[in-house]
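Line by line, the protein sequences are chains P and A.
full-length UniProt numbering numbers the first residue of the first sequence as 1 and each following residue consecutively.
full-length UniProt numbering numbers the first residue of the second sequence as 1 and each following residue consecutively.
Keep in mind the hints are simulated off the structure, nothing from the lab.
Being a predicted model, the structure only gives us computed values, none of them experimental.
Mixed in with the good hints there might be a few duds.
[Unchecked claim] Calculated pairs, DSS-like style, for lysine-lysine (alpha carbon to alpha carbon, straight line, at most 30 Å): (1) Lys93/P with Lys111/A; (2) Lys10/A with Lys32/P; (3) Lys88/P with Lys205/A; (4) Lys111/A with Lys87/P; (5) Lys110/P with Lys111/A; (6) Lys110/P with Lys205/A; (7) Lys10/A with Lys31/P; (8) Lys109/P with Lys111/A; (9) Lys59/P with Lys146/A; (10) Lys31/A with Lys32/P; (11) Lys111/A with Lys59/P; (12) Lys32/P with Lys111/A; (13) Lys111/A with Lys88/P; (14) Lys111/A with Lys31/P; (15) Lys88/P with Lys189/A; (16) Lys146/A with Lys87/P; (17) Lys88/P with Lys59/P; (18) Lys111/A with Lys157/A; (19) Lys31/A with Lys31/P; (20) Lys109/P with Lys31/A; (21) Lys31/A with Lys17/A; (22) Lys132/P with Lys93/P.
[Said to hold, decoys possible] Derived contacts from chain P toward chain A, CB cut-off under 7 Å, selection only: (23) Asp54; (24) Ile57; (25) Asn77; (26) Ser78; (27) Met81; (28) Ile85; (29) Ile89; (30) Ile107.
Heads up, the beta-carbon is just placed ideally off N, CA and C, and yes, glycines get one too.
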Amino acid sequence: MHIIIVGCGRVGAQLAQLLSSEGHNIVIIDKKAEAFKRLGSNFNGISIAGVGFDPEILKRAGIEHADAFAAVTSGDNSNIMASQIAKKIYNVKRVITRIYDPLRADIYKKFGLNTISTTTIVAQIFRSALLKESSKLEYSIGLDAGFIEYKAREEEAA
Amino acid sequence: MYVLIVGGGKVGDSLAKALSIGGYDTALVEKEERIAEKIAEELDHVLVVNGDGCDPGRLEDAGIARAQVVVAVTGDDEDNLIICQLARDTFGVPRVIARVNNPRNEITFQKLGIDTVSSTTIITKLIEEEATIGDIFTLLALKRGKLSIVEANVNAKSPVANKTIKEIKLPEDSILASIVRDNQVMFPKGDTLLLPGDSIIALSKIEQENALRETLLGKE
Numbered sequence: 001m002h003i004i005i006v007g008c009g010r011v012g013a014q015l016a017q018l019l020s021s022e023g024h025n026i027v028i029i030d031k032k033a034e035a036f037k038r039l040g041s042n043f044n045g046i047s048i049a050g051v052g053f054d055p056e057i058l059k060r061a062g063i064e065h066a067d068a069f070a071a072v073t074s075g076d077n078s079n080i081m082a083s084q085i086a087k088k089i090y091n092v093k094r095v096i097t098r099i100y101d102p103l104r105a106d107i108y109k110k111f112g113l114n115t116i117s118t119t120t121i122v123a124q125i126f127r128s129a130l131l132k133e134s135s136k137l138e139y140s141i142g143l144d145a146g147f148i149e150y151k152a153r154e155e156e157a158a
Numbered sequence: 001m002y003v004l005i006v007g008g009g010k011v012g013d014s015l016a017k018a019l020s021i022g023g024y025d026t027a028l029v030e031k032e033e034r035i036a037e038k039i040a041e042e043l044d045h046v047l048v049v050n051g052d053g054c055d056p057g058r059l060e061d062a063g064i065a066r067a068q069v070v071v072a073v074t075g076d077d078e079d080n081l082i083i084c085q086l087a088r089d090t091f092g093v094p095r096v097i098a099r100v101n102n103p104r105n106e107i108t109f110q111k112l113g114i115d116t117v118s119s120t121t122i123i124t125k126l127i128e129e130e131a132t133i134g135d136i137f138t139l140l141a142l143k144r145g146k147l148s149i150v151e152a153n154v155n156a157k158s159p160v161a162n163k164t165i166k167e168i169k170l171p172e173d174s175i176l177a178s179i180v181r182d183n184q185v186m187f188p189k190g191d192t193l194l195l196p197g198d199s200i201i202a203l204s205k206i207e208q209e210n211a212l213r214e215t216l217l218g219k220e
């Protein structure tokens, strides 16, 4: 798949490495060229320095024929704007938006964006881990429902 | 009318001042406390809220529920887009306008259905038009650039000088809205005579601007 990732922070870089190692064609965009150092030497995708919601940059990244798009910069509004361009202007099939502010995630879910509110997910994982509760966590990505399986604690010896 | 402005920079500040002097109920949301305080001190009749205009709670504090117009004029285009979308889609504000700082983002706003004002584009257009069109000025581009209000100054050599309105064959999709003569606004009728020195205000589709210019002022 041709996948565009906007934001080369820790999450973006790891996602790019992961997908690239699985054989996908990755183009990663970040406004700072030095962020691409995080990708390491094994990354064999393309990196473009520029603003992730700039139509010119997105065209260079091949948005017209992209199969999937992830916006994972540290700015919620930048992620929302870039995702709307991908989804509503270029009709990219799979667009996922990372949002820090849970309030905004809810609002943009209503607008049809598939959002992952990492703040909410991490808070819930911590809560469950602290309370030693079940290892299943429900979350939703916009319109699609899903869940993450994780282990909150080691099984106690019987 | 209740107007809510987001962004207290030079544009937001001047706009708030102009609107409140013009008798509009005006509110302004500004992120930086220091700037918000300064504006609040200067503008007595403006409700100033300190907070992030992308936060629906702050917009509610500023009375967005009763706003007829929301203007987003922060220095960040992504913020202006989100503010306008929140205003229109979540709060149902009938008229929303965004400032676009980088002209490259204008197309995105237009495709997402948000009306924009870009000072860079306006200045560029004004300069271009000064250079190429001469006596006709685009006063305002409306409806996402599809419709424009233009002003043309009639001189003795203009093909329409000393003719009545009904003698003039205007291009399609354009109408003469008014005539300014000796600082008086007149609404033209069929038998109104156009005189040198008149300033014609016309409405036209953007693509008809050149045809309109030729009709009113002749070929260059």
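*Compare the distance between the alpha carbons of Lys109/P and Lys111/A with 30 Å, and conclude whether the hinted pair is satisfied.*
Status holds; Cα separation ~20 Å.
*For the pair supplied as a hint, Lys31/A and Lys31/P, confirm whether the alpha-carbon distance does not exceed 30 Å.*
Since the Cα atoms of Lys31/A and Lys31/P sit roughly 23 Å apart, the hinted pair holds (cutoff 30 Å).
_Min Cβ distance, Ile89/P to chain A: is it shorter than 7 Å?_
holds (5 Å)
*Going straight from one Cα to the other, do Lys109/P and Lys31/A come out at no more than 30 Å?*
holds (25 Å)
*Given the hint that Lys111/A pairs with Lys157/A, test it: the Cα-Cα distance must not exceed 30 Å.*
Answer violated: Lys111/A to Lys157/A is near 42 Å, above 30 Å.
*Regarding the pair Lys110/P and Lys111/A, is the alpha-carbon distance no greater than 30 Å?*
Roughly 19 Å separates the two Cα atoms, so the pair holds.
*Pairwise hint evaluation, Lys189/A against Lys88/P, where the allowed Cα distance is 30 Å at most*: Since the Cα atoms of Lys88/P and Lys189/A sit roughly 46 Å apart, the hinted pair is violated (cutoff 30 Å).
*Verify the proposed pairing of Lys146/A with Lys87/P, using a straight-line Cα cut of 30 Å.*
Answer holds: Lys146/A to Lys87/P is near 24 Å, not above 30 Å.
*asked:* Lys31/A and Lys32/P were given as a pair; does the straight-line alpha-carbon distance stay at or below 30 Å?
replied: OK: Lys31/A and Lys32/P at ~25 Å, within 30 Å.
*Pair hint Lys32/P and Lys111/A, alpha-carbon separation not exceeding 30 Å*: holds (27 Å)
*asked:* Given the hinted pair Lys93/P and Lys111/A, is their Cα-Cα distance within 30 Å?
replied: The given pair, whose Cα atoms are some 18 Å apart, holds under the 30 Å limit.
*With 7 Å as the cut and Cβ atoms as the points, is Asn77/P at the interface with chain A?*
Check passed: Cβ of Asn77/P comes within 4 Å of chain A, closer than 7 Å.
Consistency note: the structure conflicts with the earlier hints numbered 6, 15, 18, 22, 24.
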